[in-house]
Amino acid sequence: DGGITQSPKYLFRKEGQNVTLSCEQNLNHDAMYWYRQDPGQGLRLIYYSQIVNDFQKGDIAEGYSVSREKKESFPLTVTSAQKNPTAFYLCASSIVGTPNTEAFFGQGTRLTVV
Amino acid sequence: SQKIEQNSEALNIQEGKTATLTCNYTNYSPAYLQWYRQDPGRGPVFLLLIRENEKEKRKERLKVTFDTTLKQSLFHITASQPADSATYLCAPDASGSARQLTFGSGTQLTVLP
Chain A
603 DGGITQSPKY LFRKEGQNVT LSCEQNLNHD AMYWYRQDPG QGLRLIYYSQ IVNDFQKGDI
663 AEGYSVSREK KESFPLTVTS AQKNPTAFYL CASSIVGTPN TEAFFGQGTR LTVV
Chain B
214 SQKIEQNSEA LNIQEGKTAT LTCNYTNYSP AYLQWYRQDP GRGPVFLLLI RENEKEKRKE
274 RLKVTFDTTL KQSLFHITAS QPADSATYLC APDASGSARQ LTFGSGTQLT VLP
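The listed protein sequences correspond, in order, to chains A and B.
Under our numbering, the residues of the first sequence are numbered 603 to 716, in order.
Under our numbering, the residues of the second sequence are numbered 214 to 326, in order.
Among the hints, a few may not be true.
Stated by the list, open to error - Below, a list of computed lysine-lysine pairs in the BS3-like style, where the Cα atoms sit at most 27 Å apart:
hint, chain 1, residue 1, chain 2, residue 2
1, B, K216, A, K659
2, A, K685, A, K611
3, B, K284, B, K272
4, B, K230, B, K270
5, B, K230, B, K272
6, A, K685, B, K216
Since the hints were derived computationally from the structure, they do not count as laboratory data.
Note that the structure is a prediction, hence the values are computed from the model and not measured.
One chain only, chain A, in its complex shape (with noise of 0.2 Å):
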């Protein structure tokens, strides 16, 4: 059936290593996001794409990277630039193009650092 997938749901990474978060999506959706949930916060935009082989920066793109070769992946990197990487990380999806259009979200990756 379709949806989000991210994988993994739990993962551990040593300080200075990079690190990679899986989100495959097979709504045939145009747009898709990354955002970051910190305890007690809402979710921080980190990096969108509307298409692809583009992706746009958002609010906490810093430490970050993402790609976007296939439409149904969107892949996203935590480098060792990420200063506070330990977080829970989302992956959504959406159309383009259409008004009021909701945002479909995946089961979400914990991250932490040890």
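Assemble chain B onto chain A, guided by the hints.
Same frame as chain A, now just chain B:
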């Protein structure tokens, strides 16, 4: 800068009562406002969307109002049930598409049996 405030971090109510959650926003004028439900350790799920020219929207036991003068949306759950316990996020949308959604920090609702 744009700011979203949801009335309180936590709200406890008795089963059967009506829960009312508040979302206030400042420094922008959203054309739409969305409400999402988030359960612990899971991604948010879309519930309702209301447009700026709609005063009220209903879906089953849910009701949302949108007052552009007060810059406020109210989210009501009538005849609340323990299964309604979750965090509810409001997301005013200024651009007419989800790419500009900005989320509030949410209100954690607990419905006590």
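Verification of the supplied hints:
1. B/K216 <-> A/K659: holds, 19 Å
2. A/K685 <-> A/K611: Between A/K685 and A/K611 the Cα gap is close to 21 Å, so the pair holds against 27 Å.
3. B/K284 <-> B/K272: Answer holds: B/K284 to B/K272 is near 22 Å, not above 27 Å.
4. B/K230 <-> B/K270: Holds, because 20 Å separates the two Cα atoms, which is no more than 27 Å.
5. B/K230 <-> B/K272: holds, 17 Å
6. A/K685 <-> B/K216: Roughly 25 Å between the alpha carbons, so the hint for A/K685 and B/K216 holds.
In summary, the structure agrees with every hint in the numbered list given earlier.
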